[in-house]
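Asks: Model the full structure from these sequences, guided by the hints.
2 protein chains.
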Amino acid sequence: MTVIDSPPVEVPVCLELDRQRVRRPEGRERFTISEVVEYTGLSAHTLRWYERIGLMPHVDRSHTGQRRYTCRDLDWLDLVGRLRLTGMPVADMVRYAELVRQGEETFAERERLLSAHRDDVRRRIAELRSTLDVLDYKIDIYADARRASERA
Amino acid sequence: MTVIDSPPVEVPVCLELDRQRVRRPEGRERFTISEVVEYTGLSAHTLRWYERIGLMPHVDRSHTGQRRYTCRDLDWLDLVGRLRLTGMPVADMVRYAELVRQGEETFAERERLLSAHRDDVRRRIAELRSTLDVLDYKIDIYADARRASERA
DNA sequence: CACTTGCCTGGAGTGCACTCCAACTCTTTA
DNA sequence: TAAAGAGTTGGAGTGCACTCCAGGCAAGTG
Numbered sequence: 001m002t003v004i005d006s007p008p009v010e011v012p013v014c015l016e017l018d019r020q021r022v023r024r025p026e027g028r029e030r031f032t033i034s035e036v037v038e039y040t041g042l043s044a045h046t047l048r049w050y051e052r053i054g055l056m057p058h059v060d061r062s063h064t065g066q067r068r069y070t071c072r073d074l075d076w077l078d079l080v081g082r083l084r085l086t087g088m089p090v091a092d093m094v095r096y097a098e099l100v101r102q103g104e105e106t107f108a109e110r111e112r113l114l115s116a117h118r119d120d121v122r123r124r125i126a127e128l129r130s131t132l133d134v135l136d137y138k139i140d141i142y143a144d145a146r147r148a149s150e151r152a
Numbered sequence: 001m002t003v004i005d006s007p008p009v010e011v012p013v014c015l016e017l018d019r020q021r022v023r024r025p026e027g028r029e030r031f032t033i034s035e036v037v038e039y040t041g042l043s044a045h046t047l048r049w050y051e052r053i054g055l056m057p058h059v060d061r062s063h064t065g066q067r068r069y070t071c072r073d074l075d076w077l078d079l080v081g082r083l084r085l086t087g088m089p090v091a092d093m094v095r096y097a098e099l100v101r102q103g104e105e106t107f108a109e110r111e112r113l114l115s116a117h118r119d120d121v122r123r124r125i126a127e128l129r130s131t132l133d134v135l136d137y138k139i140d141i142y143a144d145a146r147r148a149s150e151r152a
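For the record, the sequence lines run as chains A and B. Numbering-wise (this note's numbering), the first sequence opens with residue 1 and increments by one. Numbering-wise (this note's numbering), the second sequence opens with residue 1 and increments by one.
I should point out that these hints are in silico values taken from the structure, not numbers from a laboratory. Each residue gets a CB set at the ideal place from its N, CA and C atoms; glycine is no exception. Hints are supplied without guarantee of correctness; some may be wrong.
The calculated label-pair distances, taken between Cβ atoms and stated as ranges, are [said to hold, decoys possible]:
{"#": "1", "chain 1": "A", "residue 1": "Glu104", "chain 2": "B", "residue 2": "Arg122", "range": "38 to 44 Å"}
{"#": "2", "chain 1": "A", "residue 1": "Val90", "chain 2": "B", "residue 2": "Val94", "range": "50 to 56 Å"}
{"#": "3", "chain 1": "A", "residue 1": "Ser130", "chain 2": "B", "residue 2": "Thr70", "range": "23 to 29 Å"}
A few chain B residues that don't get close to chain A, going by computed Cβ distances all over 10 Å [said to hold, decoys possible]:
{"#": "4", "residue": "Arg30"}
{"#": "5", "residue": "Asp136"}
{"#": "6", "residue": "Arg146"}
Subject to a maximum C-alpha distance of 16 Å in a straight line, what follows is the list of computed EDC-like cross-link-like pairs (lysine to aspartate or glutamate) [what the hints assert, rightly or not]:
{"#": "7", "chain 1": "B", "residue 1": "Lys138", "chain 2": "A", "residue 2": "Glu111"}
{"#": "8", "chain 1": "A", "residue 1": "Lys138", "chain 2": "B", "residue 2": "Asp140"}
{"#": "9", "chain 1": "B", "residue 1": "Lys138", "chain 2": "A", "residue 2": "Asp60"}
{"#": "10", "chain 1": "A", "residue 1": "Lys138", "chain 2": "B", "residue 2": "Asp78"}
{"#": "11", "chain 1": "B", "residue 1": "Lys138", "chain 2": "A", "residue 2": "Asp75"}
{"#": "12", "chain 1": "A", "residue 1": "Lys138", "chain 2": "B", "residue 2": "Asp119"}
{"#": "13", "chain 1": "A", "residue 1": "Lys138", "chain 2": "B", "residue 2": "Asp75"}
{"#": "14", "chain 1": "B", "residue 1": "Lys138", "chain 2": "A", "residue 2": "Asp136"}
{"#": "15", "chain 1": "A", "residue 1": "Lys138", "chain 2": "B", "residue 2": "Glu104"}
{"#": "16", "chain 1": "B", "residue 1": "Lys138", "chain 2": "A", "residue 2": "Asp78"}
{"#": "17", "chain 1": "B", "residue 1": "Lys138", "chain 2": "A", "residue 2": "Asp119"}
{"#": "18", "chain 1": "A", "residue 1": "Lys138", "chain 2": "B", "residue 2": "Glu51"}
Replies: Next comes the structure, spelled out in structure tokens:
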């Protein structure tokens, strides 16, 4: 509940699905886990779990051993959040995180990985679209029936 | 493996994701579970499980107790497959199946249920689109780096 | 008649992505 | 100084959607 209100500098936002957009406290550089919970909409459990499975770059610690997230961490979590929303398996995200850790010589493979995912997303959009047609058709039938019974 | 080849009457198809489209054996009216497996791409386990949880209208049986699916069942499985592809939870599909069983007085609620799902699908399409932008951006960066190193 | 194939059942197991628990430490507030 | 609150850990538990297993029955083939 310790929400830090920074002056309205810039307004980078978190894009958690339907949640109202949460302003990132800009100007600060180290965030507690609860601040990151606030910002990302993920639970603290999940944040720690992401770290355990290697989905996070090394998260800094305070002198007492508590996590202190940086802006770069928030950027990374934004990307992870998007990949997650588009259904990329956690294992693939971990793979991508590994590639990032390995440095620039993995650019080509990162490109391949993201391209494959992009194809997947495109395919899924097409799939959703075609289902939308079926839904429209069904809903129209029910709506027609309703209107008919209302007229009766 | 007992695939029934019907003469090419009409060509209604099954829309299982990337699988090649399977022609429905038209002209026949009762299908074994393995034929339905072939047609839907679902496993026999899953088909039996759908029945257990109430996601299927009553499936007919042969005199020896084996399932005999009808064309109506295949139509239903087409719809279920689409709802599934668009991420409708099985519990919601079961709810819809119940409404269908209850008859015409549930038209209004069926309309509501499908409309809600349609909204969901639309929202997800928008979400996927916006992620596509991020992916394009990232992939461009990697591609540029690759081209730069190829020139070097 | 043996064998293979296809299908049946209830119930247990799997994989994924979290989600929670118990027991603890550290910091802040009354 | 006592109590509340935020954070720590490893490991166990949860919910979803299958997925598989053991053991058995029925029909067709050599």
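Asks: None of the hints should be skipped; say for each whether it holds.
Replies: Verification of the hints:
1. A:Glu104 <-> B:Arg122: 38 to 44 Å: holds (40 Å)
2. A:Val90 <-> B:Val94: 50 to 56 Å: violated (28 Å)
3. A:Ser130 <-> B:Thr70: 23 to 29 Å: Holds - the Cβ-Cβ distance for serine 130 of chain A and threonine 70 of chain B, about 25 Å, lies within 23 to 29 Å.
4. Arg30: Answer for arginine 30 of chain B: holds, closest chain A Cβ roughly 25 Å.
5. Asp136: violated (7 Å)
6. Arg146: violated (6 Å)
7. B:Lys138 <-> A:Glu111: holds (8 Å)
8. A:Lys138 <-> B:Asp140: Violated, at about 41 Å.
9. B:Lys138 <-> A:Asp60: violated (25 Å)
10. A:Lys138 <-> B:Asp78: This hinted pair holds, its Cα atoms lying about 13 Å apart.
11. B:Lys138 <-> A:Asp75: Satisfied, since the Cα-Cα distance of roughly 13 Å is no more than 16 Å.
12. A:Lys138 <-> B:Asp119: Holds - the C-alpha atoms of aspartate 119 of chain B and lysine 138 of chain A are around 14 Å apart, at most 16 Å.
13. A:Lys138 <-> B:Asp75: holds (13 Å)
14. B:Lys138 <-> A:Asp136: Violated, at roughly 35 Å.
15. A:Lys138 <-> B:Glu104: holds (14 Å)
16. B:Lys138 <-> A:Asp78: Holds: lysine 138 of chain B and aspartate 78 of chain A sit about 13 Å apart, inside 16 Å.
17. B:Lys138 <-> A:Asp119: holds (14 Å)
18. A:Lys138 <-> B:Glu51: Since the Cα atoms of lysine 138 of chain A and glutamate 51 of chain B sit roughly 23 Å apart, the hinted pair is violated (cutoff 16 Å).
Hints 2, 5, 6, 8, 9, 14, 18, counting from the list given before, are not met by this structure.
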